[in-house]
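Q: Protein chains in written order, with the working numbering: chain X, 1 to 421; chain A, 1001 to 1318.
If you are wondering where the hints come from, they were derived from the structure by calculation, not from laboratory data.
Small disclaimer: the values here were computed from a predicted structure and weren't measured.
Do not take every clue at face value.
[Stated by the list, open to error] Only some residues are given here: those of chain A computed to face chain X with a beta carbon under 10 Å:
| id | residue |
| --- | --- |
| 1 | P1023 |
| 2 | G1031 |
| 3 | Y1032 |
| 4 | Q1038 |
| 5 | R1079 |
| 6 | I1129 |
| 7 | R1132 |
| 8 | G1138 |
| 9 | P1150 |
| 10 | H1152 |
| 11 | T1156 |
| 12 | E1201 |
[As the list claims (entries may be wrong)] What follows is a list of derived Cβ distance ranges for each label pair:
| id | chain 1 | residue 1 | chain 2 | residue 2 | range |
| --- | --- | --- | --- | --- | --- |
| 13 | A | N1012 | X | G75 | 55 to 63 Å |
| 14 | X | K81 | A | I1090 | 45 to 53 Å |
| 15 | A | L1299 | X | G414 | 34 to 42 Å |
| 16 | X | K386 | A | L1302 | 48 to 56 Å |
| 17 | A | A1183 | X | K81 | 45 to 53 Å |
| 18 | X | G414 | A | I1013 | 24 to 32 Å |
[As the list claims (entries may be wrong)] If you want the footprint, here are the derived chain A segments under chain X, 3+ residues with CB under 8 Å:
| id | region |
| --- | --- |
| 19 | 1091-1105 |
| 20 | 1141-1149 |
| 21 | 1228-1239 |
Note that beta-carbon positions come from the ideal geometry of N, C-alpha and C, so glycine has one too.
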Amino acid sequence: MSSESFSIKLDRRALIKTAAAVGVAQIASPFVITARAADTVKIGLDNPLTGTYAALGKNELIGAKLALEHINAKGGILGRKVELLVEDSTSGDAGTAVQKARKLIDRDKVDFLVGNINSALAQAIANVAYEKKVFHVVPGGHTDSVTGSNCHWNVFRICNTTQMEASAVASSLIKNAGKKWYYLTPDYAFGHTLQAGLEKAAAKLGGTKVGGDLTPLGTTDYSSYLIKAQAAKPDVIIFLQAGDDAVNALKQAVQFGLNKKFHLAGAQQELEVLLGLPPEARIGTWVFEWYWNQPNVPHVKEFVAEIRKASGGHVPTARTWFGYAAISTCAIAAQQVKSLDAVKMAKAMQGFKLPPEIALMPDGAYFRKGQGQLIPDLFVGQAQSKGASDPEDLFKVSDVVKGESVAESLAETGCKQTWPS
Amino acid sequence: MQPADFTKQAPNIVVWALLLTMPFWLSHVGGYTELGSQVVVLGLAALGLNFLLGYTGVLSFGHAAYFGLGAYGAGMTLRYLLPSTGMGIIIGTLIGTIAGAIIGPLIIRLRGVYFAMVTIAFGQVFYFIAFRWSSVTGGDDGLTGWTRLPLHLGFTTIDIQNNPVAFYYFVLVMFAIAVGIMAWLLRSPFGRTLIAIRENERRSRFLGIPIDQHIWISWVISCAVVSLAGALFALLNNFVDPRALYWTQSGDFVIMAVLGGMRSFWGPLIGAAIYVVLRDYLSSMTENWESFIGLFFVLVVLFFPRGVLGIITRKVKS
């Protein structure tokens, strides 16, 4: 290559070709706006479809789609058809999630934003939604700050706070497993606040922390952490991982035989994780946020049947319900005020109790006033290796805890909303 | 103007015309202004990397470090120090540049794959600092709780906070300054010397050129431009997270430069445009979007080793 090549020598034809190439790069890059009817109401879902939380994200999507079907079958929102725009936020890349949120708001002009499973991503896109004044529902990112110190008037959350989960499960853990706890905690917002919540709840009941490790999101090899945990000789090894991380951590712990020496348990557990585990690793005391096997609660059976049809025979998980409830909340908010004005909708949802066919739990669920946090029931119980009635009945609920009894008071959460004038 | 001059200037004219008018036509082809800003910001980073890669012949796989330092510098200035977008950019760029200047002497003696490996290693140092130092950087959750602010120029105020078009032009002005300086440097004897080093390092050394100093200066300039791009990227998203420092981000810059054509001045910008637009479009279509970008990259490298612009230039010459 000669040094001449440094200066670009082009003749006119080349110029035209260059211009054409640039043009093609832009136009053929197929922003093709698929003739979207201008009069649809748009809900943007910015949620993981790849990575550690892919399985959870896909279940939320199944629930969201069912809600969408129900809404459109009943005539849509304000008589307009509802459209769901889905973007993959990735499981841990907050930058991508933020860009996707901006894309949904700026380009697609969505009326509602829904997401995210990852707490850090949920907080990051909640800040974007706040900046843009868009009604935002967080289906499944648990860290306290989303409806706590960093809450916003436009942000509502379906899943529990980590503090509620910790308080709900702490006494069962102490009773069933012991008082000396060792923590394996995912190193981001969700893990940090979940561990802090557990430490606080345990301290009240006489539990102590004998050690702990922070594991990066997406860790696949937990052996070094497990060896350290074993050396600390705790009563309980607390696993706070979620998604594929939880599957890997628990599987390896059982392979190491740690289940024979210690109690393996934790706070939040999900059906997706139990399904991903070998039967011998389905152990421990946990809290579920929603469970499909609630024989005496109305509407649940119908919901389970519909999800089974949509998902090829699988039962709904807490995630499916999160997605379903999140999208339903959007429609309810608009119908309450007969408008898509975010401020009006958010005002109408303060203290709003979800109808039983959406809440799908014994005591119902409502959005706490001044916080945007849904206060539902929590299901404490034990993982079981094999379901008695159904192969996917892998959790035995021993205790239904009312959200009110475990949630911090509004003042304690540190949530102060400032509404636009 | 001589006809020869015109053909020489033609690519510049086309690129600038497209960039200057972007907000007016972008929405008609289905884009949105912030996508345009993204292309310009990442294009600037790729052009900065290419100063080193394309014109000095040194492959760095760690430029995300300086991109991220610029981003964190800008974000943390606004979050902790003072509410000024301008100072955020200046401090962010300075931090990235100083870090580059300090690390430079430790690595400039290395060549080829060793150079690339050590740049990755230094890049990862900054990534882990940002990841682990949660109390200051926000850790894996990212740095939030700040936003870019309107620009006060004394005689007038430009609302780059709420007006995306104003922000686009603000980014474009920064882009123009940085690109102008790089183009001027490349035209100077210094730039010619860099190309001589790229073409034949040993011969240049025999001619008495102080090779290490030249590579160091080129490295620092490249880091400065990339950290400016990082600062602008933070302002664009009102957000920074450690992935801006991760080695895969460095890889993205290299991909952009190679995709567009690293031997042509505007190549990396074209590469960045293709990369950003493709990512934006494909990721809405399929969750396997990364495989398609990878496939596209492999095809370009196999069949158009000089990138998209390179193939056009060669065709015209033959």
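Q: All the hints need checking, so say for each whether the structure fits it.
A: Hints, one by one, checked against the model:
1. P1023: Since the shortest Cβ distance to chain X is 12 Å, the answer is violated.
2. G1031: holds, 6 Å
3. Y1032: Hint on Y1032/A: holds, closest Cβ of chain X at ~4 Å, below 10 Å.
4. Q1038: holds, 7 Å
5. R1079: violated, 13 Å
6. I1129: violated, 14 Å
7. R1132: Holds - the Cβ of R1132/A comes within 10 Å of chain X, reaching about 8 Å at its closest.
8. G1138: Cβ of G1138/A sits 9 Å from chain X, so the hint holds.
9. P1150: violated, 14 Å
10. H1152: With a closest approach of 20 Å, the H1152/A hint is violated.
11. T1156: With a closest approach of 24 Å, the T1156/A hint is violated.
12. E1201: violated, 14 Å
13. N1012/A to G75/X: 55 to 63 Å: This hint holds: roughly 56 Å between Cβ atoms.
14. K81/X to I1090/A: 45 to 53 Å: About 50 Å separates the Cβ atoms of K81/X and I1090/A, which means 45 to 53 Å holds.
15. L1299/A to G414/X: 34 to 42 Å: About 52 Å separates the Cβ atoms of L1299/A and G414/X, which means 34 to 42 Å is violated.
16. K386/X to L1302/A: 48 to 56 Å: Holds: the Cβ-Cβ distance is about 52 Å, inside 48 to 56 Å.
17. A1183/A to K81/X: 45 to 53 Å: holds, 52 Å
18. G414/X to I1013/A: 24 to 32 Å: Because 56 Å falls outside the window, the suggested range is violated.
19. 1091-1105: Our answer is that it is violated, as 0 residues pass the Cβ test (under 8 Å) against chain X, missing three.
20. 1141-1149: holds (count 5)
21. 1228-1239: holds (count 3)
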